[in-house]
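Each chain is listed here by its residues.
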Amino acid sequence: MPQVEMDKVEPLLEQYEDQRLNLIPILQDVQETYRYLPELVLRRISKKLRVPLTEVYQVATFYRCFSLVPRGKHVIQVCLGTACHVRGAPRVLDRILRDLKLPHAGTTEDLQFTVETVRCIGCCGLAPVARVDNTNTHPHLTQAKVGGLLKKYQEKAEAPKAAKPDEASHAKA
Amino acid sequence: MLKLKSPHEIKELQLCLEASETTRPCISVCAGSGCKASGADNVIASLRKELEKRNLAGTIDLKSTGCHGFCEKGPVMIVWPEKVFYNGVSQSDAKDIVASVMNGHKPVEKLLYKDPNTGERILHEHEVPFYARQQRILFGNNGKLDPKDIRDYIKVGGYHALGRVLLDFTPEQVVESVKRSGLRGRGGAGFPTGVKWEALRKSTVHPRYIVCNADEGDPGAFMDRSLLEGNPHSVIEGIIIGGYALEAKEAYVYVRAEYPLAVEHLSVAIQQAEKAGLLGDNILGTKMSFRIHLVQGAGAFVCGEETALLASIEGKVGEPNPRPPYPVQKGLWGKPTVINNVKTWASVPVIINKGADWYASIGTEKSKGTMVFSLVGKINNTGLVEVPMGITLREMIYEIGGGIPKGKQLKAIQIGGPSGGCIPASMIDLPIDYEALTQAGSMMGSGGMVVMDEDTCMVDVARYFMEFLEEESCGKCFPCREGTQRLKDILNRISQGKGAEEDLELLDDAGWMIKETSLCGLGQTAPNPVLSTLRYFRDEYEAHIRDKKCPAKVCRELIVYEIDETICDGCHACVRVCSSDAILGEKDKVHEIESAKCIKCGACIEVCQPKAVLVH
Chain G
2 MPQVEMDKVE PLLEQYEDQR LNLIPILQDV QETYRYLPEL VLRRISKKLR VPLTEVYQVA
62 TFYRCFSLVP RGKHVIQVCL GTACHVRGAP RVLDRILRDL KLPHAGTTED LQFTVETVRC
122 IGCCGLAPVA RVDNTNTHPH LTQAKVGGLL KKYQEKAEAP KAAKPDEASH AKA
Chain W
80 MLKLKSPHEI KELQLCLEAS ETTRPCISVC AGSGCKASGA DNVIASLRKE LEKRNLAGTI
140 DLKSTGCHGF CEKGPVMIVW PEKVFYNGVS QSDAKDIVAS VMNGHKPVEK LLYKDPNTGE
200 RILHEHEVPF YARQQRILFG NNGKLDPKDI RDYIKVGGYH ALGRVLLDFT PEQVVESVKR
260 SGLRGRGGAG FPTGVKWEAL RKSTVHPRYI VCNADEGDPG AFMDRSLLEG NPHSVIEGII
320 IGGYALEAKE AYVYVRAEYP LAVEHLSVAI QQAEKAGLLG DNILGTKMSF RIHLVQGAGA
380 FVCGEETALL ASIEGKVGEP NPRPPYPVQK GLWGKPTVIN NVKTWASVPV IINKGADWYA
440 SIGTEKSKGT MVFSLVGKIN NTGLVEVPMG ITLREMIYEI GGGIPKGKQL KAIQIGGPSG
500 GCIPASMIDL PIDYEALTQA GSMMGSGGMV VMDEDTCMVD VARYFMEFLE EESCGKCFPC
560 REGTQRLKDI LNRISQGKGA EEDLELLDDA GWMIKETSLC GLGQTAPNPV LSTLRYFRDE
620 YEAHIRDKKC PAKVCRELIV YEIDETICDG CHACVRVCSS DAILGEKDKV HEIESAKCIK
680 CGACIEVCQP KAVLVH
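Residue numbers (my numbering), protein chains in the order written: chain G, 2 to 174; chain W, 80 to 695.
One or more of the hints may lead you astray.
Said to hold, decoys possible - Restricting the straight-line Cα-Cα distance to at most 35 angstroms, the calculated cross-link-like pairs of lysine-lysine (DSBU-like) are:
no. : chain 1 : residue 1 : chain 2 : residue 2
1   : W       : K627      : G       : K153
2   : W       : K577      : W       : K627
3   : G       : K49       : W       : K555
Unchecked claim - Which residues of chain G face chain W? A partial, calculated answer using Cβ under 8 angstroms:
no. : residue
4   : T34
5   : S47
6   : R92
No wet-lab data here; the hints were simulated from the structure.
Quick caveat: nothing in here was measured; it's all calculated off a predicted structure.
Even for Gly, the Cβ is constructed at its ideal location relative to N, Cα and C.
Model the full assembly from the supplied sequences, consistent with the hints where possible.
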């Protein structure tokens, strides 16, 4: 488990009033900052908002956006909405998992990739689709395209400064 | 933009904006999520580069607009003032497009829409068959506006309805108009909006809250996303009018976290509306003060259910609560609350502008106005479609949707997401309205319409939805939590060829039990996909159970892959793509699949050009 940089917490918490309704937005910010919800941070939030830790934990484990273990550098969201399902998404997902040697959706050992399934990102016209890092949507996927898709991000992971993130993959796959 | 100080100033600003309208040509590119995924950002960048290179930045305007709905053909764009419609545009076309504008608008032939039946090129968007049958009263402005510029919305008459309401309507009159229009909730259940509003007005408790449900969780539905991305001000205007009618001071818009672009555009729009004096204290110089807060969901399907959504806004887990009390009695923080869907709110300004009677004249006896569907799945023209209520499924599928790809047979249409059901091809002349769909064992839902052809296995579809619902069931009540699990287990068994005859009875019994005893709408409608497929496609279930066969050749345990040696040309493509080394044979010699190793992933079928891979 990586060391938690606690100094990022206070500035983040200061943006919010200490109200229960801010619990989920705070957790979302923490998730984005740390790529997971570290226990120490959850304890701090519980104290600050005066919400029992059990309830913070309850919220943190109820919603799909949150993770209690670190996620990979690149998060691949494979859409399993109905349109993607009937156009072959389960096979694309299996292929991605096989290629990354993951037994099921989750994070690779080297923390490079997290594979998640989502139920519809609303790009049904381009099914099947996967979205990487919340911004780059890859349309009309086939099993044959999976290799290239993974390679694109693997290479980037090795040389992070070389590519601009937003140029990544808007090109027609 | 300057702050508007009275309702009259909206009209003045509109006239002013119209007058300053230039006759400059404008290339407006769709930058909705669909077109972005197809490369719209790159197209916009290269158009900008081309304009700069030719020193035309001040001569030709370039604009990013909201979703046009025809996602299949993206990126799409319209070149004004000729309104030439281009589809499937790529980066390299920028040069030709700019050149064509400069050369007297001679259209770029290859980018015009080609009618698949006649082969004819079509010049304008409204002449494309996909659009020709639509009546786009909510989505019509999407392709004209820059969603990040409030002036664009005001220019097409935006906030005009709000101005009128503040000047000429009492709150009761607004409620009366909405009631008379016959508008029903567009989120799925179809409860009459005016009746809901009236119920809230009966309460004397303050403060009251307004909530916009933009937690569009149904897989296969994305119209709320498109509206928020493409025309966020239309939703905001509806909510402010609602605030006036219901005498509320605060509203919450709950948007799915999976829609980052919608969140961005909506928050920009709220800020602009605040600056323009349309939100905040004393809006447009009146006594009304009103604020809109944006809340992001955190990934829970059940939060689309209204009581669960309210719990989520309060910072709790999204678990539903029994009704009554209904939110109009006891909602957010125990106060009276009206919750309506994105499209319901966006319909309000239309009703005010065009009149309740005009709105009520569209549609059928009990379902008024237009409905937006996302037409997806095995259909030629996928995208968003806005049609008057009462249109038949046949018109949707064959006239607007352009039929089923690859000459396949239509099998079923799944309407209403996981809460809906599958309607068989034999009922294709069914008119689409709330009552007709419910009677057929489906429901309007939020308007997802997934088309299925002969290659779709109905047992697999039912299994898919149960897997989804089991995962998304919040676990609070027993029938939904355990029931969805049991249904999924039985369906898994059947799709593996291990089903027994009595399983069908069990599915039916358990399905009805879950419907009748679950706490919230999720559980009460969860068995619909199973019950409706049982009702219309029992023979497919029986084939899986009795003959151990999947007629659509989908269920992996019941199929075998084989290579037809008379067709195989030994190209080796399948060998390269096979990840389980199950295909034998050297290049240029006939290949063979080793059944024991084959994991039936179907990769070989994807790549086999001569179509030699067969499935039994």
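- request: If any of the earlier hints don't hold here, list their numbers in rising order.
  value: 1, 4, 5
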